[in-house]
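In the order they appear, the protein sequences are chains A and B. First residue of the first sequence: 1, per UniProt numbering; consecutive thereafter. First residue of the second sequence: 1, per UniProt numbering; consecutive thereafter.
FYI, nobody ran anything at the bench for these hints, they're computed from the structure. This structure is a prediction, so every number in the text was calculated from the model and none was measured. One or more of the hints may lead you astray.
[Unchecked claim] Taking lysine to aspartate or glutamate and the EDC-like style, the derived pairs with C-alpha atoms no more than 20 Å apart in a straight line are:
#1 A/Lys208 - A/Glu313
#2 A/Lys242 - A/Glu273
#3 B/Lys112 - B/Asp25
#4 B/Lys112 - A/Glu307
#5 A/Lys112 - B/Asp375
#6 A/Lys112 - A/Asp25
#7 A/Lys112 - B/Asp100
#8 B/Lys112 - A/Asp197
#9 B/Lys112 - A/Glu384
#10 B/Lys208 - A/Glu268
#11 A/Lys242 - A/Glu268
Here are the chains, one letter per residue:
2 protein chains.
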Amino acid sequence: MDVRHYMQQLGQQAREASRAIAAADSGVKNRALLAIAEAVDAARSEIIAANEQDLAAGRANGLDAALLDRLALNSAGVDGVIEGLRQVAALPDPVGAISDLNYRPSGIQVGKMRVPLGVIGIIYESRPNVTVEAASLCLKSGNAAILRGGSEAINSNQALAACIRTGLAAAGLPMTTVQVLETTDRAAVGELITMPDYVDVIVPRGGKGLIERISRDASVTVIKHLDGICHVYIDDHADADKALAIAVNAKTQRYGTCNTMETLLIAERRAAELLPPIGEQMSAAGVELRGCARSCELLPQAVAATEEDWATEYLAPVLSVKVVADIDAAMDHIRQYSSGHTESIVTENYTLARRFLREVDSSSVMINASTRFADGFEYGLGAEIGISTDKIHARGPVGLEGLTSQKWVVFGDGHIRG
Amino acid sequence: MDVRHYMQQLGQQAREASRAIAAADSGVKNRALLAIAEAVDAARSEIIAANEQDLAAGRANGLDAALLDRLALNSAGVDGVIEGLRQVAALPDPVGAISDLNYRPSGIQVGKMRVPLGVIGIIYESRPNVTVEAASLCLKSGNAAILRGGSEAINSNQALAACIRTGLAAAGLPMTTVQVLETTDRAAVGELITMPDYVDVIVPRGGKGLIERISRDASVTVIKHLDGICHVYIDDHADADKALAIAVNAKTQRYGTCNTMETLLIAERRAAELLPPIGEQMSAAGVELRGCARSCELLPQAVAATEEDWATEYLAPVLSVKVVADIDAAMDHIRQYSSGHTESIVTENYTLARRFLREVDSSSVMINASTRFADGFEYGLGAEIGISTDKIHARGPVGLEGLTSQKWVVFGDGHIRG
């Protein structure tokens with residue numbers, strides 16, 4: 001296969017289809033989403049059989065248990081895919097919404113209309129349900145999509161791609177609105193991220209290594225999510241109960257997510273009172289503690305943290321703990337080590353809460369809430385294509401709106417400029 | 001001079017200063033802007049003398065009249081610079097504005113806060129007043145700036161930079177909040193656009209060649225404005241008076257601006273009635289006409305347009321004219337040749353107006369208005385750092401808001417995720 005030629009063809013087809021999907025009204029897009037759901041339901045046994053092929057190949061290739069787990073798509077997983085499609089169909093359509101429409105002194109009326117970006121390229125790893133999730137968000141936001149899933153999920157992804165095509169055709173939309181790569185050749189990724197004529201934005205989902213590689217090599221804008229080194233700072237004026245609840249929840253509610261707290265910062269004046277009970281609950285949950293010198297005095301179970309610990313996203317039951325002088329020292333530490341994902345302060349002090357909110361430069365900044373809330377569903381976006389740690393275009397959880405842009409619209413009545 | 005070392009130092013200083021300016025309140029920023037205005041007024045004779053040095057050097061180097069004209073900064077020009085600073089001081093401060101703050105079912109309250117981007121690099125050509133204009137917009141939006149003006153304006157720019165530093169210091173802000181390059185070495189541009197650790201976004205202002213080169217080589221996001229090949233389409237259902245007024249204004253009100261019409265499209269059924277009077281007014285204004293075969297039949301003064309004409313931004317008293325079958329043919333032509341800047345339809349037909357508005361994929365889409373309105377001031381932005389022909393982050397005229405991003409803010413009361 002000539003990969004470059006193949007990708008160029010996909011790109012041209014996507015660009016062509018992007019015009020039809022951009023002009024499609026909400027009813028047509030929702031019919032397509034529901035028709036895809038029906039097609040997935042009807043093809044349930046084929047999808048599961050294809051997934052079993054992938055799992056068997058994965059086991060033969062020695063994939064580890066975590067990877068096999070992410071790859072697996074059983075009947076309950078298929079139900080989840082169907083439910084996800086119905087949820088996206090139920091979301092409001094962002095396309096065409098006009099805002100800030102005002103008359104200007106010249107007499108023209110000026111506003112902004114939300115419009116699709118065009119063609120979105122999505123590069124992801126093992127989980128096959130991302131194929132349908134990404135397709136549904138692109139479709140609803142009026143974009144064409146080119147999807148490149150993990151090579152280990154190729155059979156599952158092709159089975160799902162067939163259902164997507166069936167649904168698109170049923171709604172009268174071009175089947176090329178969503179194209180799933182049929183090759184596992186890695187060169188295809190290199191082509192996808194360097195076709196600015198055909199692709200408007202790339203959303204990579206996966207490990208930090210993959211995302212850094214794609215960002216470095218892409219000539220197309222990348223909406224990227226690097227890592228989540230999230231902090232909770234327990235301030236002098238923290239309520240003890242809230243501090244304990246938030247610290248424990250932010251670390252232990254789930255370990256492998258990017259919005260999990262990786263470092264706990266605590267004001268010196270509250271450390272002796274609050275670190276021992278927090279440490280106790282962390283240890284009871286099986287969390288390993290790595291502390292600064294002062295933390296280790298107060299937490300006998302802690303080991304000494306190294307410089308590297310402060311800069312590590314553990315994604316595991318490990319927590320680094322540091323006692324700091326005050327909010328300034330806490331914000332200095334955050335500035336130095338945070339990945340700019342999510343930080344939370346626990347305090348009852350109005351002025352310090354306000355300072356933290358304004359001065360901390362992360363995609364989510366919280367007061368008296370668990371970092372685990374940093375999520376598109378919790379924020380009311382209805383769905384999430386990813387979380388951006390960039391500042392340009394989209395920041396934090398990215399929903400349908402993040403896949404759109406705004407153009408200016410001007411209504412006149414023969415107006416000319418004087 | 002070691003250019004790399006020099007630029008790294010500027011970058012580090014800008015990053016450091018960006019924290020102070022991001023935290024500065026509106027009053028401090030406005031005091032700085034007004035103090036810069038005072039410093040410019042006080043240094044009026046030094047600025048004009050420096051500019052005369054640049055002009056003399058330019059004449060000696062054989063710069064053409066248009067370039068010398070853009071380079072010139074006389075006393076009236078200095079008044080314009082001062083007035084611009086006062087206008088930016090009077091604009092509302094975008095930083096810190098919280099929007100869409102809503103309670104979620106979990107009990108947390110979620111919203112978005114507008115925040116500065118960080119450090120903006122601006123690369124521009126001969127006009128020295130851009131130095132102060134760009135500095136004022138970055139400052140007001142809470143960003144640090146690194147400015148690289150044209151080498152032919154180096155003395156003027158340094159004189160203005162001294163005033164900017166004076167004003168910043170008077171307001172207690174770091175003088176490194178705005179840094180104007182002291183070297184004309186071209187290698188400095190290459191460094192500036194490849195320092196993602198120190199620069200968050202690049203705004204190039206200048207010719208298409210400069211911008212394409214910067215976009216190609218930058219590793220930092222570029223808010224770019226390529227060209228403006230703008231169209232007016234006179235539809236079957238156009239009001240004749242509006243069509244005539246808009247076509248003439250869109251072409252002749254100014255020739256060298258990016259929002260000037262370069263191609264007039266007209267529906268076949270109205271061509272015989274409307275092209276002759278439009279052509280007459282264009283010819284009277286000294287506009288050369290280049291037409292399709294049908295246009296040339298109706299416009300004896302027109303010459304035949306070549307394929308290249310449809311794709312050319314003339315920036316001059318030249319207009320290409322094409323007779324099309326209907327709105328679909330017009331939109332096909334726009335899709336193929338437009339640079340995505342601004343297009344306008346002249347029609348009294350509700351349905352066609354609505355289709356044009358939705359389907360044309362340009363940064364400004366207008367109904368019954370002159371393309372010349374596509375401008376930050378006319379749109380009410382108060383100021384304009386440039387016009388973006390990109391879809392990502394900022395589209396169309398870019399004002400203070402385009403130099404900001406939004407972070408999520410979450411207010412809780414000890415909330416944890418269940």
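A quick look at each hint next to the structure:
1. Simply put, A/Lys208 and A/Glu313 have alpha-carbon atoms about 10 Å apart, close enough for the 20 Å limit, and the pair holds.
2. With a CA separation close to 14 Å, the supplied pair A/Lys242 and A/Glu273 stays within the 20 Å bound.
3. Restraint check: the Cα-Cα separation between B/Lys112 and B/Asp25 comes to about 18 Å, which is no more than 20 Å; the hinted pair holds.
4. Proximity of B/Lys112 to A/Glu307 is assessed by CA-CA distance (about 33 Å); at most 20 Å being required, the pair is judged violated.
5. Taking the CA atoms of A/Lys112 and B/Asp375, the gap is about 14 Å. The hint holds against a cut of 20 Å.
6. Distance restraint check for A/Lys112 and A/Asp25: the Cα-Cα separation of roughly 18 Å lies within the 20 Å cut-off, and the hinted pair is therefore satisfied.
7. Distance check on the hinted pair: A/Lys112 and B/Asp100 sit about 17 Å apart at the alpha-carbon level, within 20 Å; holds.
8. Between B/Lys112 and A/Asp197 the CA atoms are separated by roughly 33 Å; this puts the pair beyond 20 Å, and the hint is violated.
9. With a C-alpha separation of about 17 Å, the suggested pair B/Lys112 and A/Glu384 falls inside the 20 Å cut-off, and the hint holds.
10. Taking the CA atoms of B/Lys208 and A/Glu268, the gap is near 57 Å; set against the 20 Å cutoff, the hint is violated.
11. Note on A/Lys242 and A/Glu268: the hinted pairing holds, with a Cα-Cα distance of about 18 Å set against a maximum of 20 Å.
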